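A.B. asks: Here's the letter readout for the chains.
Number of protein chains: 6
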Amino acid sequence: MKPTLNSPEPAPLLAFGAHPDDIEFGCGGVIARETLAGRKAHFVVCSRGEAGTHGAPKQRTAEATKSAALLGATIEFLKLDGDAHLEVRVAHAIKLAEIIRRVRPSVVLAPSLVENQHPDHARLGRLVRDASRLARYGGLKKLRRQKPHAIEQLFFYAVTPDAEPREITPVMIDVSEPEIVATWAAAMHAHASQTSTRNYVELQLTRARLLGARAGVGHVIALFPNEPLVFESLAHAGRGARRF
Amino acid sequence: MKPTLNSPEPAPLLAFGAHPDDIEFGCGGVIARETLAGRKAHFVVCSRGEAGTHGAPKQRTAEATKSAALLGATIEFLKLDGDAHLEVRVAHAIKLAEIIRRVRPSVVLAPSLVENQHPDHARLGRLVRDASRLARYGGLKKLRRQKPHAIEQLFFYAVTPDAEPREITPVMIDVSEPEIVATWAAAMHAHASQTSTRNYVELQLTRARLLGARAGVGHVIALFPNEPLVFESLAHAGRGARRF
Amino acid sequence: MKPTLNSPEPAPLLAFGAHPDDIEFGCGGVIARETLAGRKAHFVVCSRGEAGTHGAPKQRTAEATKSAALLGATIEFLKLDGDAHLEVRVAHAIKLAEIIRRVRPSVVLAPSLVENQHPDHARLGRLVRDASRLARYGGLKKLRRQKPHAIEQLFFYAVTPDAEPREITPVMIDVSEPEIVATWAAAMHAHASQTSTRNYVELQLTRARLLGARAGVGHVIALFPNEPLVFESLAHAGRGARRF
Amino acid sequence: MKPTLNSPEPAPLLAFGAHPDDIEFGCGGVIARETLAGRKAHFVVCSRGEAGTHGAPKQRTAEATKSAALLGATIEFLKLDGDAHLEVRVAHAIKLAEIIRRVRPSVVLAPSLVENQHPDHARLGRLVRDASRLARYGGLKKLRRQKPHAIEQLFFYAVTPDAEPREITPVMIDVSEPEIVATWAAAMHAHASQTSTRNYVELQLTRARLLGARAGVGHVIALFPNEPLVFESLAHAGRGARRF
Amino acid sequence: MKPTLNSPEPAPLLAFGAHPDDIEFGCGGVIARETLAGRKAHFVVCSRGEAGTHGAPKQRTAEATKSAALLGATIEFLKLDGDAHLEVRVAHAIKLAEIIRRVRPSVVLAPSLVENQHPDHARLGRLVRDASRLARYGGLKKLRRQKPHAIEQLFFYAVTPDAEPREITPVMIDVSEPEIVATWAAAMHAHASQTSTRNYVELQLTRARLLGARAGVGHVIALFPNEPLVFESLAHAGRGARRF
Amino acid sequence: MKPTLNSPEPAPLLAFGAHPDDIEFGCGGVIARETLAGRKAHFVVCSRGEAGTHGAPKQRTAEATKSAALLGATIEFLKLDGDAHLEVRVAHAIKLAEIIRRVRPSVVLAPSLVENQHPDHARLGRLVRDASRLARYGGLKKLRRQKPHAIEQLFFYAVTPDAEPREITPVMIDVSEPEIVATWAAAMHAHASQTSTRNYVELQLTRARLLGARAGVGHVIALFPNEPLVFESLAHAGRGARRF
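Residue numbers (numbering that gives the first Met the number 0), protein chains in the order written: chain A, 0 to 243; chain B, 0 to 243; chain C, 0 to 243; chain D, 0 to 243; chain E, 0 to 243; chain F, 0 to 243.
Isolated chain A (complex conformation) (with noise of 0.2 Å):
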């Protein structure tokens, strides 16, 4: 049932963003513990960024290459409709669903669904859990070069305090060991073009250390799974996070 937990090589991990910095600064760290452990991790950003105020495109892909590197993890982009453009479209679903059954992931990240923050967010959220779903499906004819793959999980991230959605239960990672923290931070600092006018990075570690301080730990980032989990005993369920 969890055959990543004792393999010797975990299936990779793949991680969608709507712009070049959506992944480092919604769930950064976690990506940190994954590839610390040695998981493999691809990251598919599906703009330039080319619409945000600060930033030509050149240098947000830059900016995403490097920081995707010190995250120790792959990375490609992709063009669906642009930055601020992006609608939700079967087409685009497919794409994705390539994308997974190419890489074969055994857990997927991508932006949450609530829909009060930038559009693109919600709308790749959709586009990929509508994706995760066709890459199992076996007779689409646009995928048929492709065996079909079911991913073991998909879960969300938020980009922003306010993406976290309420209706779903969250799952904490702890990323409080000193070496994620940094990696994370350089992997935000990284995105410099978006760091110098605002606090982004202050920002999402304080969203952490909040996290971490309930979670009676230092720094914790919240993901909510798409569906609820399973798992073989109470003994491997976790912990509470409460400490307050």
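Wrong hints could be hidden among the right ones.
Pairs count within a copy or across copies, as identical chains cannot be separated in the list.
Within a straight-line C-alpha distance of at most 27 Å, the following computed DSSO-like cross-link-like pairs (lysine-lysine) qualify [claimed, not checked]: (1) K65 to K78; (2) K146 to K57; (3) K140 to K57; (4) K141 to K78; (5) K78 to K39.
It is worth saying that the hints were derived from the structure and are not from the lab.
Quick caveat, the model's predicted, so the values are computed rather than measured.
Let chain A serve as the given structure and place chains B, C, D, E and F on it in line with the hints.
C.D. replies: Just chains B, C, D, E and F, lined up with the frame of chain A:
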């Protein structure tokens, strides 16, 4: 963070029930799963079922004792206000906290807080939740003889399907192993006074099969965590429950 | 207010499905119940299931045709975007509204709006909901050839348990009569391509038995009304579903 | 399943109110509708309104007695903890269960459970919900002299608009008939001490008109079922409430 | 932080409607209140109501123009996909963002996001929400000719009672002043084609009286803020709406 | 409608806490903001913290007294059931109502009603909500010596992040002014017994900074209104909290 995982003897599991058969019908398969894996389990039953339509208190006590033994659990009966008479009183919560300090469990199980079920169920759930806190407060005079104890996690179980809370994402425990299902069924059948007129056992196994079908396994019992769960990494965070 | 109740021939029921087997698996027992009582039923199936893992389009069409006949319903196939390709377009809603104006049903059935299921299901549900409105607007040019029609009620059905909406109180339809259960089961088994590898039929009957147990009858199918229900008096407003 | 529908004399309706005017203001039109159709109705009023700003207990008792008569209902007063002093005690629920066993109603009406209203309202609602269960448990010593009774359905009414629960889909009862509206209005005006300073009657009729406009009729009162409603077929399941 | 409070000329209010009468019926009283206080108001109407049952496009345009004038607002018509044909396209959101940058409002009003209403309403609401973000992103090529603009707040209005969102705490605007009520009523009556067959005006005034009764004033219109509201102190944070 | 806005001396603010430090940690910055602006504030603390792990009752009383003084508030201690022993009794609500009638505040602050926190917090919140009603009922014998008083608004504060209610849209109070932050921090540090082992002060300031970042200011405290807020116009209704 998860000392129970590798330690030679995991901390015991403590389950509370309002009536002699609540624990078995609500989560007996999980108990069987845990004791089979070598964990100790202890039941606290807070009435003798004396207001029920079927079964005298003496018979119900005997049934519960036999059933607990089948599940590999120890059992004690605690008199609070009596069957169908339970009220939410701090004095009760303190008694329950005393038991928590004595048993020193990592996991506590209690009936869910959904109000629209047998009134004793939700009230006991609230008392256990409060007791789990009181058990770790250092200054409580009445609990002074016992060292404070912080549990790892409180899970709620649903005695019937309509007692499943809608606002908590459940955790699914796989209880498909034939030995577990058989033990669970036997433990429910031990409550002969309750199963003679209505097919409670079938109801519970049907629920477990339906959840199992959803998760791609044989039988599953859903538990509802009182707090978000903390994990060391994604590799420990289970897999998603979706097969249809 | 409820002219269908006493009229010699009640207005027909109109059910929409995204795939050849959705209606049968989601609410086939209700269809059997209604046609048995002399009501006409018509199915509109919006793909040939061509993206599914099992069953070629031709076979699936034949299966659906046979299954509808078993349930006493007529059937038509409507090409929209194709299986796993459905998008929410006004042009689609207008086509569905055209069918509503033609069939002039009192009750319309559609897959639920829960997003976390096969993407075609929720999208078709939204299209049908919109179509039910468009069908009664007088000024729509493309619908001008047909007289506007106001349906009495739109109910959503859930193809799988996780498609049951949590924020709508369901209406429980008693389908316990042996003849109804048998007809429903036969109609599901008619989709042989879908039932060969997974026990879909058992899944649905188990769901219905579980709901039935809750309501004190044999089998129940839950439907989810799009609007609150209006009754002439309390004597018409059903009875509560609780037996445990 | 719905024996009340065709039986010569339907089982009575039993309505509980925390104060002398709660039933009338919350659902008086429904009472008028039912008694007009030949159903018996009985009111249980659990205080004399002695904490209210206007009206002495004696006057309020007289007003309630007159108002019940106008609605064709019998009435009794039950002393629990007194106006504005009601607490949720099992002893109270047992008293209410005793009345349920005596009156043997099919339908029970109680104030809604929404907490943010007069505290007596929600507490009485909870007591009635618990009493409806206790009334059918066979082993309760204090209720032993009366045969257990299972009601068909418990509906909650909202004394004021903000007491309408948001998480239950309401059932709309059409009370548009002029005779019903007139009787309801007269019953409300009978509470002269309460209507002299504020326009409570207008508030309630306005609510009913607004809901009626939504449903395409004159006046509607919304009731909130404690359990999903079971119907024998779709033909019995009402029609949707939407006209705008 | 609240420059509009003391500034000689407050920033204008910008209201979007899907049909010629949506703004007036949904929140006309608020518009009257603001223009009476000297604030400029501008309407953007995104169809001519050409799919409605009553009223030709030309008549509806004239009615809307007259109605806006009565409310002291300017008006423009924007062609998107046409009445009953609106789809959520980024190109539309960009057009709306262009208007926001041109008008530079502090407050924006849009129809609510509740899905179960006229499909154009919720879709326009989503487009306006997205547009409010796009208006402040610096890098959007198509908007390059206009300076980015950040609005102060986006409020949703509900064209009909069932369009009121349940998950947002509303803000209540007191529109009791006789002059405001009269102006609002006149503006609604200006839509003669819509008010001839159904009493829409009465419906809206009834809604406002019901909310007013709750708040202890004559008439109130509820608006639903897209973001939590920030205040400089409690003295600025209004008073609670409860009188019954 | 908002007499406190322009009156020379605004009505006092009344804050209730279950333990000596609840008010300060939950909303101390708001208190500082109000007293700095010349409003009187009064604290009612309902235990001496005698069940806590750290700090003897005497020390805690002294700390709370000092802390209130730092915030410019007066303080009184009220004995109800004792720390960790609070129950929801009408007799308690009447005592709190007596204080409300004596102090005659416009705004009342109380701990939130979220159940999954220290049990005393939610219970005190419920008692204060009930008390706010009882304070304005004219007929209550035990309150007869004091004139009824209707407060303007009840706001809930969250002592810890997990006590923030999810179903109420918060109101954000800007407490960024350096003098306010410093006063608030000092008031929290005055509870030396509570801050010696865990970094409660840092937890609260982090929360406020995170909310502030969201709102585009330095520090924000969220309050949760018990009733929708009524405003005279949009110009008074704050601005939206979104900067990211």
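A.B. asks: Would you mind marking each hint as holding or not holding in the structure?
C.D. replies: Results for each hint:
Taking identical chains as interchangeable, the C-alpha atoms of K65 and K78 lie at most 27 Å apart only when both belong to the same chain, with a minimum of 19 Å there against 45 Å between chains. In this homomeric assembly, K146 and K57 come within 27 Å of each other (Cα to Cα) only across copies, at 23 Å, whereas the closest approach inside a single copy is 35 Å. For the identical chains of this complex, K140 and K57 are inter-copy neighbours only, at 16 Å across copies versus 35 Å inside a copy, given an alpha-carbon limit of 27 Å. Taking identical chains as interchangeable, the C-alpha atoms of K141 and K78 lie at most 27 Å apart whether they share a chain (18 Å) or sit on different chains (19 Å).
Taking the shortest Cα distances, K78 and K39 sit within 27 Å of each other inside one copy (23 Å), while across copies they are farther apart (42 Å).
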